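Each chain, letter by letter, is given below.
Number of protein chains: 2
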Amino acid sequence: MLSSRIVALDAMGGDRGPDIVIPGAALSSVRHPELSFRLYGDNTEVSRVLKDHPDLAARSEIIHTDVAVGMNDKPSQAVRRGKGSSMWQAVEAVKQGHASFAVSAGNTGALMAMSKLVLRPIADIERPAIAALWPTVKSECIVLDVGANINASSAQLCDFALMGAAMARAIFHVERPTVGLLNVGVEEIKGDEVVKQAHAWLRETADLPFVYHGFVEGDQIGQGLVDVVVVEGFAGNIALKTAEGTARQIAQYLRDAMNRSLLSRIGAILAQGGFQVLRNKMDPRRMNGGTFLGLNGIVVKSHGGTDALGFASAVDLGYDLSESGLVSRLRTDIEEFHGSIASRLAS
Amino acid sequence: MLSSRIVALDAMGGDRGPDIVIPGAALSSVRHPELSFRLYGDNTEVSRVLKDHPDLAARSEIIHTDVAVGMNDKPSQAVRRGKGSSMWQAVEAVKQGHASFAVSAGNTGALMAMSKLVLRPIADIERPAIAALWPTVKSECIVLDVGANINASSAQLCDFALMGAAMARAIFHVERPTVGLLNVGVEEIKGDEVVKQAHAWLRETADLPFVYHGFVEGDQIGQGLVDVVVVEGFAGNIALKTAEGTARQIAQYLRDAMNRSLLSRIGAILAQGGFQVLRNKMDPRRMNGGTFLGLNGIVVKSHGGTDALGFASAVDLGYDLSESGLVSRLRTDIEEFHGSIASRLAS
Chain A
8 MLSSRIVALD
18 AMGGDRGPDI
28 VIPGAALSSV
38 RHPELSFRLY
48 GDNTEVSRVL
58 KDHPDLAARS
68 EIIHTDVAVG
78 MNDKPSQAVR
88 RGKGSSMWQA
98 VEAVKQGHAS
108 FAVSAGNTGA
118 LMAMSKLVLR
128 PIADIERPAI
138 AALWPTVKSE
148 CIVLDVGANI
158 NASSAQLCDF
168 ALMGAAMARA
178 IFHVERPTVG
188 LLNVGVEEIK
198 GDEVVKQAHA
208 WLRETADLPF
218 VYHGFVEGDQ
228 IGQGLVDVVV
238 VEGFAGNIAL
248 KTAEGTARQI
258 AQYLRDAMNR
268 SLLSRIGAIL
278 AQGGFQVLRN
288 KMDPRRMNGG
298 TFLGLNGIVV
308 KSHGGTDALG
318 FASAVDLGYD
328 LSESGLVSRL
338 RTDIEEFHGS
348 IASRLAS
Chain B
8 MLSSRIVALD
18 AMGGDRGPDI
28 VIPGAALSSV
38 RHPELSFRLY
48 GDNTEVSRVL
58 KDHPDLAARS
68 EIIHTDVAVG
78 MNDKPSQAVR
88 RGKGSSMWQA
98 VEAVKQGHAS
108 FAVSAGNTGA
118 LMAMSKLVLR
128 PIADIERPAI
138 AALWPTVKSE
148 CIVLDVGANI
158 NASSAQLCDF
168 ALMGAAMARA
178 IFHVERPTVG
188 LLNVGVEEIK
198 GDEVVKQAHA
208 WLRETADLPF
218 VYHGFVEGDQ
228 IGQGLVDVVV
238 VEGFAGNIAL
248 KTAEGTARQI
258 AQYLRDAMNR
268 SLLSRIGAIL
278 AQGGFQVLRN
288 KMDPRRMNGG
298 TFLGLNGIVV
308 KSHGGTDALG
318 FASAVDLGYD
328 LSESGLVSRL
338 RTDIEEFHGS
348 IASRLAS
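In order, the protein sequence lines correspond to chains A and B.
My numbering puts the first sequence at residues 8 to 354.
My numbering puts the second sequence at residues 8 to 354.
One chain only, chain A, in its complex shape (with noise of 0.2 Å):
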C-alpha cells in the first residue's frame, strides 16, 4: 500500500514549531529512505526551515495552510475554529489515505479530541487511550493509559489490555506479550473495585492473544515484568510524570555529587564514557511519542517541548507501527475479544 509510506506532520505543533519539526523530520527521513512527507503549515515558515535540508525537501509536499492550534487552546475551541488547521489536516490526510500515519507536537487534548472526531474509535471502543513507551532494565514496556481515560471501567482496561498487546506485537515483535494491570499492593483493600473486575474478566476469557500477568506494582513498571501495563488514565499519567521526574531528580542529584570535590571531578571526567551510555540511557527523547491507540488510523503525538532527536523518534514510532499493520490488528482483535470479555458483564 503506497500510503503506508507517507507521513502527515503537523509542522506548527509544539513551542517552536517548524524549526523542531522540520529538522525531526529530516533526521527520521535519513532512517526511513522510502518515507514521504506532507508537511501542513505556514508555507513560507516551513519553507524557510525546509531549504536547509534538501534531501527532505525532494521528499516532501508542503500544504499550506494559516490556522495553527495554540498550545493553550481548549480542545473543544480547537475543534470548533480549527478545522482547517495544520494539526486537523494532517489528521484528516490520514482519514483520507493520503497519509498512513501523522505526528504532532501540538496540544495534546485538540490532538485527541480531532482524531476522535476524525479518524473515530474503533467499533466497540468507547475512547482511544494514550499509550506510552517506558524504559526498563530489560528493554522497554508499554503503559496505557497515560491520560485520556480517567476513571476508566472495567470494560476499558480490559480494551486497553487488547490495544496495548496489539501495539507489543507491532513493536517488540512478540506474538504473545504479556500483559499486567497495575495496582496497588496494600492488602487491606488491594485495588478498587473497577480493577478486580477487570482482572477477574482478563483471568476467566480463554484463549485471549496475549498472556494476563495479572496485578503488578508501580515499582514493577520499570523492571520489565510485563510488555504492557494496563492502568485508567488517572494514575497512569501521574505514574508517567513521577517517574519522570525522579529521574531528572537523581540526574540533578548525581551532577552535584560529581562537582562536589577535585577527585570526584576527576573521577567523573575519566568515568565520561560511562555517563554517556547513562544519558543515553536516561534520554527522554529516545521514548518521545504518545501513540492514540483504538482509532481507524494511527496518531503520534511528540512532546511539545522536545527537540529535533524527539520528534524523529515519534516519526519513527508511527512508521513502524503503521508498517506493521497495527490498526487492521487491533480491529480483528477488538471485534474478536471485546465481546467475549464483556459478555461477562451481562452473565
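The set of hints was computed from the structure by calculation and includes no laboratory data.
Note that the structure is a prediction, hence the values are computed from the model and not measured.
A hint or two may mislead.
When chains are identical, the list treats them as one kind, so a pair holds in a single copy or across two.
Said to hold, decoys possible - With a Cα cut of at most 30 Å, we get these calculated DSS-like pairs of lysine-lysine:
#, residue 1, residue 2
1, K288, K145
2, K203, K81
3, K90, K288
4, K145, K81
5, K145, K203
Once you have looked at the hints, place chain B on chain A.
Only chain B this time, still in chain A's reference frame:
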C-alpha cells in the same frame, strides 16, 4: 506529659521481627536519650536480641505475648484473632496513655484496621490516611494518601490537605505550609470531577491554616514545589511505588555504566566520595515510615523489609510527631476547618 517520652514497639512485626526492631530501637535510643521503650512480643526472642543492647535494655520493658500478626494475614482475620498480639497491644498502649506513639513493621492492612478500631478516627474524619515522606531536590515533602483511601471523595481530599499541613508544621517547622493537589496535565480532561471539586473548595475557603498552591503534576513532587501533595490513595500508592522503582532502575543503570570499561571503573573509584553522597541521598531507609494521619494517636508503619537503620528512622519520625503535639493540633484544625470546607457541599 510523661507518656510523650515512651514508645510502644511491635517487636514481632516485619520480615525479621526483633532482629531488626531491637537494633533499630537501640539506634534511635542514642539519638533520644529521654525516650523509654515498651517492647511487645515474645519474651524469649526479644530478650535474646536485647541482651546485646544493654543501654536500650536499661530503658525498656518487655511485655510478653506469644500472639503475632502474620505478614500475609488478612486485616479482618488479624483484627478478629489478633487481639492480644504484639501489634494490637502496641496500638492499645497509645490508646491507654501508656505510650505516646506506636511503631510497627508488620502487615500494613492489619495495622491500619487495628489502629482505626482501637484509636478511632478524629471526629469528622471518615478514614485515616497514610502519609509518606518524599525526598525532593530541596529537602523533602509529605505525600498523602499513599494507599489507605482508594477513590477518596472531594471532602476527604480536603481533610488530607488539613492533615498533611498539620504534619508539615510539626516536622518541617513552617507555620503555613504550602499544599498542592496532584492532578494530570492533559488539557482536555484535566482531572476528574472529584479533584476539580476539592480544588474549588480549597480555593474558596478563607483563612485555611496553609497556603493552597493549586494543582501539581507528578514530575513536580520531587522538585519540592510544595510541602504537602494531596492525592487519592490509588494514584498516590502507584506514584510512590513508581518513584521507588525508578530510583532503583537508575541505580542499576549507573552501576552497569560504571562497570563497562576499565577507565569508568577507575573514575568511579576516584569519585567514590561523590557516589557515597548520592547513595545517602537516595537511601530509602532515610525516609522509612508511613504515618497514619487522622487518628486519636500516632502510629508509624515501618517498611516490613527494612533494616535497623530504617526502623530507627521510623521511630525518629514518630518521636518528632509526638513531641510536636501533632494530634491535638490536628483535632483543632479539623474542628475549625472541616466544617467550613464541607459546608460547601450543601451550598
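Under the constraints set out in the numbered hints, which ones does this structure not fulfil? 3 and 4
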